[in-house]
Amino acid sequence: MSHSILRAPIVRGLFWAVVGFVLAAALVGGIRTAMGLDFWNTTVDWVIAYPVALLGWLMGVGVWPQWGREWLGGKAEPYALTGWQRYFGFSPDHKVIGIQYAVTFIVLFLLAGLAAMLIRIELAQPGLQLFTSDQYNAAMSFHGITMVAVAVATLLGGFGNYLVPLMIGARDMAFPRLNALSYWLVPPVAILLVIAVGMGGWDSGWTAYPPLSEVNKEGQVLFNLAVITFGVVSILGGINFLVTVTYMRAPGLTWFRLPIFVWGAISASLISFFFTQAFAAALLMVLLDRALGTSFFRASGGGSALLYEHIFWFYSHPAVYVMVLPGFGAALEILSHMSKKPLFAYRWAAGAMLGIVALSGIVWAHHMFTSGMDPALHAPFLVLTELISIPTGLIFLSALGTIWQGKLWLQTPMLFALAFVFNFLLGGVTGIYLADVPTDLHLHDTYFVVAHFHYTIVGGEIFALFAALYYWFPKFTGRMYSERLGKIHFWMMFLGFQLTFIPMFRVGIQGMNRRVADYPAAYGEYNLFISFAAFLLGASFLFFTWNMLASWFRGPAAAANPWRASTLEWQVSSPPPEHNFDEIPVITGDPYGYGGAGPAHNRPLGGLAAGSEGGS
Amino acid sequence: MTAAHSTVHGAEGHASPARLLRMNRMGLWLFFASDALVFALLLSARFYLDGLHTPPEVKQILGLVMTSILLLSSLTAYRAETAIEHGNIARGRSMLLLTAVMGSVFLAGVVMEWMLAEFSPGDGYGTAFFSMTGMHAGHVASGVLLLLMARRQASAGKFDGGGTRAWGASGIVMYWHFVDVVWVFFYPVLYLIH
Amino acid sequence: MRRDMKLMLAVWVAVTAASLAVSYFVLRTLSFPTPGAAEDGIIDDAFMALTYMATPVFGLVIAVLFVAMLRFRGSGGPEDGAPIRGGGTIPKVWFAVTTVLAVVLIVYPGLTGLIAIRQHAKPDLEITATGSMWQWTVDYPASGVKIAGAKELVLPVNQHIQVNVASKDILHSFWIPAFRQRMDAVPGQTSSIYITPDRIGDPSDAAYRLQCSQLCGVGHAYMAMPVRVVSQDEFKAWLVSQQKTAEAR
Amino acid sequence: MSMHGADAEQREQSAGVRVIAILAVLTIIEYIAAIAIGASVPLLVVLTPIALVKAWYILKDFMHLPRLWADEEEAA
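Chains as they are written, first to last, in this note's numbering: chain Z, 1 to 616; chain S, 1 to 194; chain C, 1 to 249; chain P, 1 to 76.
Don't take each hint at face value.
[Said to hold, decoys possible] Just the calculated beta-carbon pair ranges, DEER-fashion: (1) P:Ala-39 / C:Tyr-108: 41 to 51 Å; (2) Z:Tyr-526 / C:Gly-41: 24 to 34 Å; (3) C:Lys-92 / P:Arg-11: 50 to 60 Å; (4) C:Val-93 / Z:Phe-532: 41 to 51 Å; (5) C:Tyr-222 / Z:Leu-495: 27 to 37 Å; (6) Z:Thr-254 / C:Val-93: 20 to 30 Å; (7) S:Gly-157 / P:Arg-67: 18 to 28 Å; (8) P:Arg-18 / Z:Pro-375: 33 to 43 Å; (9) S:Ala-40 / Z:Met-199: 42 to 52 Å; (10) C:Lys-236 / Z:Met-199: 21 to 31 Å; (11) C:Thr-112 / P:Ala-70: 46 to 56 Å; (12) Z:Pro-375 / C:Ser-231: 26 to 36 Å; (13) Z:Tyr-87 / P:Arg-18: 46 to 56 Å.
Calculated from the structure, these hints are not laboratory results.
Note that the structure is predicted; figures quoted are calculated from it, not measured.
Ideal Cβ positions, reconstructed from N, Cα and C, are used throughout, including at glycine.
Produce the complete structure using the sequences and hints provided.
This is the structure:
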């Protein structure tokens, strides 16, 4: 078999994407010329040619040979790539897809983090140093949306895909090819965002509020298309998880024997499959307003900008829980295994996650207390929003109860998981100020909000993500990471994070509003401090990146179960065999059998424990 | 496990056909729920932007005819599905084609309506009308393509024997009905209320 | 185990007390912008009330984390922790306590604060601030003064002012940190807030600036304008001077 | 397919005709109601349940909603 570079899936995908784009744009141009209009119109051309290019990309990258032929009654080619090439092709293997997601989004995380560093250079002093206002907005908007995508997809897409089938004793996800298709929609999102920045960016942030997003630069169009595509990724992924967990659990693995991480993935999937389309729909409406002259959000045609805010936050508040619920799951999972103690109040924690899902859909308008919406809506949304603190409190109970009287093994993943508890506490508590109408009137759109959501998303979810990354690194790669570098990364990141965001609460209260390239000199000293702390935070990722790369290529081989953990993924080799389980295990107890509390699985190193009890 | 197994992945690897069918079915219904929300958002936007107002220029007869065609196409789609499930591939093929033709007629109706419309996309009702019918027509168009695809698969012998093997056709027909259900709500909201 | 529990309780009390002290003595005095309006009290008090309520929760989590990391250490050996599953009364009690806490803070400072901030007397003065990319137009309808692209916002002290906020093009937001409240300027609608400046103030204090606080594109950061709160006599004189300038044009 | 299969097919096909008849009648009622009823709210009160009933018939009979939780294929 020849593997010339020209036959590589990505090259074919790009080729057909370009062909699709050019053909569609030429067709549009031809029709426009015939109608007496300009040949090229950026908005119209992108809106029409991009979906065609996307189709070309998908088909070229492997959908056509491995799936598309069946649609027309033909026979699909077998999946052929092996070794490292699997990661660069259309692979239906959930473990390959998990690593594809994780690596892609960690690269994007570092890229968006770099944008954050540039932002902090600009904000170190009052006045404009590095950027023009326009460039600042572009950097801020890119940082925002990319980090949102990272937060939504790394834990759920990366770790969820890799771990959920293993944890439930399945050989793959329910829809392996759909899973691959979902992943291969991600590169176009990244490419669109990068092209958009190259075109000068868009200045409406990740929220893209109209009417600004209907009158600003064309980069906005690409942003909208990227986010709509990303919405499809999220929806298809969510559906896949729900069907997988519903129908593919191993015999004996009842709902309340699922590892808590699986509950986090289910809860997040429920939200992402049911709410994501609101964001996509809102951005589609913006495109319609821009391209066809409808007036969803144009006051002159009877539209209303507030309609956008309602639709947007209908998704984007629940989206926060798409980010943190898998984070809760991963952190609780690690706290239990690294404390060698059963997860405390397991059913309450699982119930709390579902409670958060239920409440998440009815609290969106707390983002709109100062938007000029009907004041009659303020009180109900205040009440509903504050109620979320109750299920969230149960997650804390579970975390604290788990570590109490445990045998805490303070390795890097555990440190990150404990930091998650601390950070999310601050994030959660400061959220109460923003759900409270009177305080929100002052704090809305200030750096207090910036600090708050960085505490929940970065301090919460991203810390849980790194906990998960170190914890499951040996399982993913079959190699151990360097504990020393891991601890350096942790302490630098932890301290850098606190020193960056604690002062932001203060400047926010004081009156510094967010999303500004420049600010009054009165806030200068704090911002200088924040910038230096942010550089410390940023520098910690040098250690992280080095650790990951060096360990993946040259680290010592990892045992099957280096943490002596009790869940199923640790009962198979590291990395797991191609089909996970030679025999589907039979489950006889819950996943946290520590301290002689009735272990579900044996926990000697390696070996598939429960398989001996019977096949599938 | 050896490389020879590498084409057998996940569900296909160990689930029974009946289990696989249930999984496909649940996945499709979840997709419907998800897609329905897009339509629900557009529908709520219609009330948010323009309340209950419907301009008198709306073509009532055309709307009724289009609605009837779409509803009838659901019957032919149903006949196609039933025939294929019972192994009657020939009838299934002709019914799929008939459904696709009726869907195309519906699409022609949408185009005609857009050209005849006496309101602009720039006002409240027009915004709702063009976006709702446009989004729906996009689904109908993809449905027509899918129906033709199902017909092609039927010719290739994919559904021979019916039963669980008919899922491919059944899923596409379900999608067609789903698009019809959307129109059941869109029709009164766009044409009849006032 | 009793010793660990006692240590935890002690740390809890200590952290809570320390946080209360820091909140009371440091946060209140150092962080808030100059309180320039009568309504500020409602907002700052709500802020402090939430902070005080948060301190015991904060203290508890810190105490458990601290004691666990100090006293419940393991090294990955074969020893397991205690097989406590937490299925008994503890989660129920926790659930009850957090529910009560949530209800309390919904009522106070939540709903009570909301009611307080919504109550307003008949305004003494009405102004309209209209945002456009990237400047404010200020209108004093009673005296016929309208300043397009105003260079400063002048307000009288001790007057109850209704501010109507509107927009010509895209979303903006009217915010003066000294007055705490903000309101978005939405095209096609006018929204109002009520403020009663209760001390003289000038823009040498960064809290006295009208800042657009809804991202509005390139000029967003600079869509700010100095605010002066002056005595009522001075305000009247200023209005007259503005009327003259307008006539002179 | 056996004769039995063809019979079953015939039965299901006539069920489809029954549903489309119901849909047709309800659509006509909708159309007439919109002409006959002048006020908005009463019209909405009539149209909403009709639309729900129509949707229900399509979901239940055409889209086989009950198959989601039925066990028929396990037995087949």
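Subject >> Index of numbered hints that the structure contradicts, given in increasing order >> reply: The structure breaks hints 8, 9 and 10; every other hint is satisfied.
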